[in-house]
Amino acid sequence: MMLQGGIILLFSLAYIGILFAIAYYSDKRSDAGRSVISNPYIYSLSLAVYCTAWTFYGSVGRAASTGIGFLPIYLGPTLMIALWYLVMRKIIRISKYNRITSIADFISSRYGKSSSLAGLVTVIAVVGIIPYISLQLDGVSTSFAVMWQHSELSTTLPTPGTVDILGDTSFYVALLLALFAIIFGTRHLDTTERHEGLVAAIAFESVVKLVAFLVIGAYVSFVLFNGFGDIFGQAAQSPELSKLFTMENAGTYTDWTWLMFLSMMAIMFLPRQFQMTVVENVNENHLDKAIWLLPLYMLLINIFVLPIALGGLLLFPNGAVDADTFVLTIPISQGQEEIAMLAFIGGLSAATGMVIVATVSLSTMVSNELVMPILLHFGPLRLAERRDLGGVLLTIRRGTIIMVLLLGYVYFRLTGNAYTLVSIGLISFAAVAQFAPAIFGGIYWKTGNHLGAMVGLSAGFVVWSYTLFLPSLAESGFLPPSFIESGPFGITLLKPYALFGLSGLDPITHSLFWSMLVNVGGYMILSLVGRQSVIEHSQAAQFVDVFKQTPENDFRLWRSTSSVTVLRSILEQFISPTRVNEALNDYAKKHGLDWSKDDVADAALINYTERLLAGSVGSASARVLLASAVKEEPVSMDEVMYMLDETSKVIAYSRELEIKSKELEQATSELTAANEQLKELDRLKDDFISTVTHELRTPLTSIRAFSEILHDNPDLDAEQRGKFMAIILKETERLTRLINNVLDLSKIESGKMEWHLTAVDLKELIEDALASLEQVIKEGNIELKTDMADQVSLTVADRDRITQVMLNLLSNAIKFCDNEAGWIKVQLKEQDSTLNVAVSDNGPGIKPEHQEIIFEKFRQVGDTLTEKPQGTGLGLPICRQIVTYFGGDLRVESVLGHGATFHFTLPVVSPADDESGVEAGFSTAVFANGKSSNRQGTYGKESINR
Amino acid sequence: MAKKVLIVDDEQNIVISLEFLMQRAGYEVAIARNGEDALEVVGQFRPDLVLLDVMMPKINGFDVCQKIRDNPDLQDTKVIMLTAKGREVEVAKGMALGANSYVIKPFSTRELVAEVQRVLEEE
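Sequence lines, in order, name chains Y and W. Just so we're on the same page, this note's numbering is the position in the first sequence counted from 1, plus 244. Just so we're on the same page, this note's numbering is the position in the second sequence counted from 1, plus 61.
One chain only, chain Y, in its complex shape:
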């Protein structure tokens, strides 16, 4: 018979022997520098330590009563892992930099390396994990019992707690597991190294439990039954079983939400998960693979849960067999002893994996955060001065492992069979969820402080104990049942499952609600109200901004100097001399020091030592150790506060100054430019005014002079009188023209010009202009040449103004054309929606350097040989302004001695179809006061007068 007790024991020991071999082998490899665990797949598998006896046995049990109710525990992590790239990476980075050894170390380090906080977290972790450990003991001992008494199946299983300890399998299981954990987790005297062998063994266990579960699943689904369809088909016929296909038993929405939340927290903050994911992490980049491999693993291990549960229920109707044992009892009932043995080994691997990692991580916490600080503070022991503290440390850890497992066993005895595997596990989940506010707040919120974390954690823990932990003991008779039913001392408001009258929730949800409320509330309120100490301040900044800093520029909290010899001796108390030597030489190499000459340890080296030490004893203890050894207090709070304040202030100030001075510079240059512009404008205005004054006074002078001459000399002859009168008239006209031009120009320039827009046929307009000058042309004996298109498109413009332009150009041409054989030429053509007008003459032409000047005000360039040119000097500037206003441009082409041609353009604009639009302004026409014609938008009536 394969399933005799001896054989079962033999197999168990053989399996454990294989694990040892693997661990031993990988440790050897690691010593040789060829790590087997530096591999993302091993890393991912080691994270599957999440799947314990709870998964292996409990999921099936849960599925048998709630259908898919077992799922949220795996959906939560799957969701959470999606966020790991951001969250877990940050935690890993912080932990590596600070040489974090456990979750308690992490939290305490963030809140000022506080021993009290580390202790609190440790207590919560230990108490919180005890139910979980007991769950594993339950699972393993039940599986032992099932295998042992396989012929009778589950009906006569001894109830735990009824047999005496020495006859209780689970007691021996607990001792065995303790031994196992001690050998694995505390083999090394050197406590700083990672547990490479452990990780390799755990990864192997993950493979074993997965394979075992898949084999059983496949056996049930495809051998016992005819595939999934068969199982589900049969189950669907039973009214009892078909309920499992619905959400009816699977829990409410609220329950799912809370369960998922719980498991999201658990995958991050269970001490063993933190140990595997963060502390044992070799390479941050392994996370990338784990992010999809771990969910895949959970998917695989869950595929057969429902088929096995349904298969079991179909085989053992009416609850004949505990559903938590289906994985074993199904193959046993079918005489498949090999499969049963495989399942047993799988369950064993699931349980041992959890227990080993959990106890190793807990023992690290207890020794580093609880025992060591107490011993170190306990002066008379003079522990800090003893050599080889590493041995003390290991003893403490071993003791802790045994203690934790025994506590688990005690809890197991006390709670008995009152709970299913899953509900026991959830109690632990709820406990570790208490770490969430302090950790998330710690890595994303700089304001979170020690007091807040302390109060939040304590309050959450107290509520958790009161609403979950104590009742779990009460249900098993440790406390009177009335404690649950009517509250302590009959105070109904304090009923642990319905605190303050909040009833209707299941115990887990209820407890989570209250504990999270006080935890988050306490943390946030006190963080906002309270102040941070110096170390907290610097740690908070370092945690939150971990991606922004390099290890070299951390803030130094050590002021004193010490001797390298002293530091070396402190380090050697905990770390092997070889490692210490390596580490110190490494440092010397990096900083160009030589220990044979340099014995003065500066603040940087003390800091380095502190971090080395923290890797062994945790940050809180490391700090205490160094503080006492360096024989000088760390920099006083006031000093550090001052330094921090000053540094950050100086940085902030200098940045501000830099920005301000740049702004000022810019403002100054803008001001200077504006000022220059104003000065220029002012100068131009002065020039303009004095020029205008001069131009006005000239005709006035003539008018006044001749008026007086005529008045004072009545004896003048008629011819002379007529000549003088003609001069007065001519000068008056000149004066009028000048005044009009000046007014026009100032109106255009100030935008107050009234433009009367109409559709304009340029050809017609030019012909009219020529007609009005017909007489002058004839008198001057000038030849008129025209070259105009037969018909051109309309434009929209002010007819009078365009006529003014045309007349001005024609008058100039007439004025300047050749005296003997003068001709002028007018051209009009349309091209690319543009109307082109050219007025040419055969006069002396304009020098290239004068071709722009003539468009400036009062800058006539004429034939200056004898006299000034006629005109006001404002004609061309006004013409250009008008043409530009309507979206065209005016320029001149000329070769000296060969005449000049003035070109101007106007855009083709079709007036709106609506005739009234002609008067009101054109809906399609907008003329920008610039060179380009911008014809979008609407011409409102009011915008005509601009």
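Heads up, a few of these hints could be off.
[Claimed, not checked] With beta-carbon atoms standing in for the labels, derived distance ranges:
{"#": "1", "chain 1": "Y", "residue 1": "Asp1044", "chain 2": "W", "residue 2": "Arg171", "range": "40 to 50 Å"}
{"#": "2", "chain 1": "Y", "residue 1": "Glu998", "chain 2": "W", "residue 2": "Ala63", "range": "50 to 60 Å"}
{"#": "3", "chain 1": "Y", "residue 1": "Thr980", "chain 2": "W", "residue 2": "Gln84", "range": "29 to 39 Å"}
{"#": "4", "chain 1": "W", "residue 1": "Leu135", "chain 2": "Y", "residue 2": "Gly1141", "range": "52 to 62 Å"}
{"#": "5", "chain 1": "Y", "residue 1": "Gln921", "chain 2": "W", "residue 2": "Ala63", "range": "48 to 58 Å"}
{"#": "6", "chain 1": "W", "residue 1": "Gln178", "chain 2": "Y", "residue 2": "Pro1092", "range": "15 to 25 Å"}
{"#": "7", "chain 1": "Y", "residue 1": "Arg965", "chain 2": "W", "residue 2": "Arg171", "range": "46 to 56 Å"}
{"#": "8", "chain 1": "Y", "residue 1": "Thr937", "chain 2": "W", "residue 2": "Ala63", "range": "29 to 39 Å"}
{"#": "9", "chain 1": "W", "residue 1": "Gln178", "chain 2": "Y", "residue 2": "Thr976", "range": "41 to 51 Å"}
{"#": "10", "chain 1": "Y", "residue 1": "Lys996", "chain 2": "W", "residue 2": "Leu135", "range": "44 to 54 Å"}
{"#": "11", "chain 1": "Y", "residue 1": "Gln921", "chain 2": "W", "residue 2": "Arg171", "range": "16 to 26 Å"}
{"#": "12", "chain 1": "Y", "residue 1": "Ser934", "chain 2": "W", "residue 2": "Arg171", "range": "20 to 30 Å"}
{"#": "13", "chain 1": "Y", "residue 1": "Ser934", "chain 2": "W", "residue 2": "Leu135", "range": "29 to 39 Å"}
{"#": "14", "chain 1": "Y", "residue 1": "Gln921", "chain 2": "W", "residue 2": "Gln84", "range": "50 to 60 Å"}
It should be emphasised that the hints constitute simulated quantities derived from the structure, not laboratory data. Quick reminder that beta carbons are idealized off the backbone N, C-alpha and C, glycines included.
Add chain W to chain Y, keeping to what the hints say.
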């Protein structure tokens, strides 16, 4: 012998009015239409007085005045500046350059003639 007056201005009509006024007052008149002409004519014509417009293209009235004053042969030549810009600065500049007087355009013909007589009688 009649005193000689040189009229320097680029405005045709003003020249005509000045010429009429000076001839009526009994002076011998010469005309220059710009600064260059003026410098040329002043050496040949040897006027007793120059009626000198300030605002002229190329060589302006100030320059002409300075040239006259720089020429030792022309020490006795009187200069009256005609300026359309009645600004004190310009007046001061003209006087500093050695002009004997100034008249602001538009001027009263009687005052102008009186001023010319007054300056010519100065010693």
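Hints, one by one, checked against the model:
| no. | hint | verdict |
| --- | --- | --- |
| 1 | Y/Asp1044 <-> W/Arg171: 40 to 50 Å | holds (44 Å) |
| 2 | Y/Glu998 <-> W/Ala63: 50 to 60 Å | holds (58 Å) |
| 3 | Y/Thr980 <-> W/Gln84: 29 to 39 Å | holds (31 Å) |
| 4 | W/Leu135 <-> Y/Gly1141: 52 to 62 Å | violated (39 Å) |
| 5 | Y/Gln921 <-> W/Ala63: 48 to 58 Å | holds (57 Å) |
| 6 | W/Gln178 <-> Y/Pro1092: 15 to 25 Å | violated (50 Å) |
| 7 | Y/Arg965 <-> W/Arg171: 46 to 56 Å | violated (19 Å) |
| 8 | Y/Thr937 <-> W/Ala63: 29 to 39 Å | holds (36 Å) |
| 9 | W/Gln178 <-> Y/Thr976: 41 to 51 Å | violated (30 Å) |
| 10 | Y/Lys996 <-> W/Leu135: 44 to 54 Å | holds (53 Å) |
| 11 | Y/Gln921 <-> W/Arg171: 16 to 26 Å | violated (48 Å) |
| 12 | Y/Ser934 <-> W/Arg171: 20 to 30 Å | holds (28 Å) |
| 13 | Y/Ser934 <-> W/Leu135: 29 to 39 Å | holds (30 Å) |
| 14 | Y/Gln921 <-> W/Gln84: 50 to 60 Å | holds (52 Å) |
Consistency note: the structure conflicts with the earlier hints numbered 4, 6, 7, 9, 11.
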